[in-house]
Amino acid sequence: MGGYVIECSLKSLICDREGKTNFKDTRVFKQGLSGSQLHSLSKLLETVPALQRAIELDRTNRYRDAWNTVSDIWRNDSLRYSDKMGDKQESQRFIKAIKVLHRFILDQQGETS
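In the working numbering, the protein residues as written are -16 to 96.
Don't take each hint at face value.
Computed list of lysine to any residue pairs in SDA-like fashion (alpha-carbon distance at most 25 Å, straight line) [to be verified]:
1. 7 / 90
2. 26 / 92
3. 71 / 90
4. 13 / 2
5. 7 / 93
6. 26 / 37
7. 3 / 41
8. 3 / 45
9. 79 / 21
10. 7 / 45
11. 79 / 23
12. 82 / 24
13. 3 / 74
14. 3 / 17
15. 3 / -14
16. 3 / 22
17. 7 / 26
18. -6 / 12
19. 26 / 71
20. 71 / 45
21. 79 / 24
22. 7 / 23
23. 26 / 16
24. -6 / 35
25. 82 / 28
26. 7 / 25
27. -6 / 48
28. 79 / 41
29. -6 / 38
30. 13 / 92
31. 79 / -13
32. 7 / -13
33. 71 / 21
34. 82 / -14
35. 79 / 22
In case anyone wonders, no lab produced these hints; they're calculated from the structure. Since we're looking at a predicted model, the values are computed, not measured.
Starting from the given sequences, assemble the full structure and let the hints guide the process.
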């Protein structure tokens, strides 16, 4: 579910940046982002260049590491849809990365805790 949190957060940020309340009304969607691309974190990130730059230029590596953790695990369909128990340490690392990214994306929208 954590990957969906980041996917939905990115879609929300895209809507926020474009002043839309429905993702289907965004320029990104209308320009042809469809099918599995709608769930691709890297494709969604590409549509928010300021956020992409902030992650790339992060000197602490906090956001870059979190992004790499989440996007690598989210990309693995067999893991995402598996009915097997995951590795506890890997799961904890994933959840921690989700929290870091989610907070960062919310901050980009001016959301406060």
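Structure-based check of each hint:
About 23 Å separates the Cα atoms of residue 7 and residue 90, which keeps this hinted pair within 25 Å; it holds. A threshold of 25 Å between alpha carbons decides the hint, and for residue 26 with residue 92 the separation of about 19 Å falls inside it, so the pair holds. Restraint check for residue 71 and residue 90: not satisfied, since their Cα atoms lie roughly 29 Å apart, outside the 25 Å limit. A C-alpha spacing of about 15 Å is found between residue 13 and residue 2, which places the hinted pair at or below 25 Å, so the restraint holds.
This hinted pair checks out: residue 7 and residue 93 have alpha carbons roughly 22 Å apart, not beyond 25 Å. Between residue 26 and residue 37 the alpha-carbon distance is near 16 Å, which keeps this suggested pair within the 25 Å criterion. Distance restraint check for residue 3 and residue 41: the Cα-Cα separation of roughly 28 Å exceeds the 25 Å cut-off, and the hinted pair is therefore not satisfied. Using a Cα cut-off of 25 Å, the hinted pair residue 3 and residue 45 is violated, with the two alpha carbons roughly 30 Å apart.
This hinted pair checks out: residue 79 and residue 21 have alpha carbons roughly 24 Å apart, not beyond 25 Å. At roughly 31 Å between alpha-carbon atoms, residue 7 and residue 45 are farther apart than 25 Å, so this suggested pair is violated. Distance restraint check for residue 79 and residue 23: the Cα-Cα separation of roughly 20 Å lies within the 25 Å cut-off, and the hinted pair is therefore satisfied. For the suggested pair residue 82 and residue 24, the alpha carbons sit about 15 Å apart, so the restraint of at most 25 Å is met.
Between the alpha carbons of residue 3 and residue 74 the distance comes to roughly 34 Å, so the proposed pair goes past 25 Å and is violated. The suggested pairing of residue 3 with residue 17 holds, with an alpha-carbon distance near 18 Å, which does not exceed 25 Å. Of the supplied pair hints, the one linking residue 3 and residue -14 holds, its CA atoms being roughly 23 Å apart against a limit of 25 Å. Using a Cα cut-off of 25 Å, the hinted pair residue 3 and residue 22 holds, with the two alpha carbons roughly 19 Å apart.
Distance restraint check for residue 7 and residue 26: the Cα-Cα separation of roughly 16 Å lies within the 25 Å cut-off, and the hinted pair is therefore satisfied. Note on residue -6 and residue 12: the hinted pairing holds, with a Cα-Cα distance of about 10 Å set against a maximum of 25 Å. This hinted pair does not check out: residue 26 and residue 71 have alpha carbons roughly 29 Å apart, beyond 25 Å. Proposed proximity of residue 71 and residue 45 is supported: the alpha carbons are some 21 Å apart, at most 25 Å.
With a C-alpha separation of about 17 Å, the suggested pairing of residue 79 with residue 24 holds against the 25 Å cut-off. At most 25 Å may separate the alpha-carbon atoms for a hinted pair to count; residue 7 and residue 23 meet this at roughly 16 Å. For the given pair, residue 26 sits about 8 Å from residue 16 by alpha-carbon distance, which is consistent with the 25 Å threshold. For the given pair, residue -6 sits about 14 Å from residue 35 by alpha-carbon distance, which is consistent with the 25 Å threshold.
Our distance criterion of 25 Å between C-alpha atoms is met by residue 82 and residue 28, whose separation comes to about 17 Å. For the hint linking residue 7 to residue 25, the alpha-carbon distance of about 18 Å falls within 25 Å, and the restraint holds. For the proposed pair residue -6 and residue 48, the alpha carbon gap of about 21 Å is at most 25 Å, so the pair holds. A C-alpha spacing of about 17 Å is found between residue 79 and residue 41, which places the hinted pair at or below 25 Å, so the restraint holds.
Of the pairs offered as hints, the one joining residue -6 and residue 38 holds, with about 17 Å between alpha carbons and a cut-off of 25 Å not exceeded. At most 25 Å may separate the alpha-carbon atoms for a hinted pair to count; residue 13 and residue 92 meet this at roughly 22 Å. In summary, the hint linking residue 79 to residue -13 is supported, as the alpha carbons are separated by about 15 Å, within the 25 Å threshold. Between residue 7 and residue -13, the direct Cα distance comes to roughly 17 Å. Compliance with the 25 Å bound is thereby established for this hinted pair.
Proximity of residue 71 to residue 21 is assessed by CA-CA distance (about 29 Å); at most 25 Å being required, the pair is judged violated. Restraint check for residue 82 and residue -14: satisfied, since their Cα atoms lie roughly 11 Å apart, inside the 25 Å limit. Using a Cα cut-off of 25 Å, the hinted pair residue 79 and residue 22 holds, with the two alpha carbons roughly 21 Å apart.
Checked against the numbered hints above, the structure breaks hints 3, 7, 8, 10, 13, 19, 33 and satisfies the rest.
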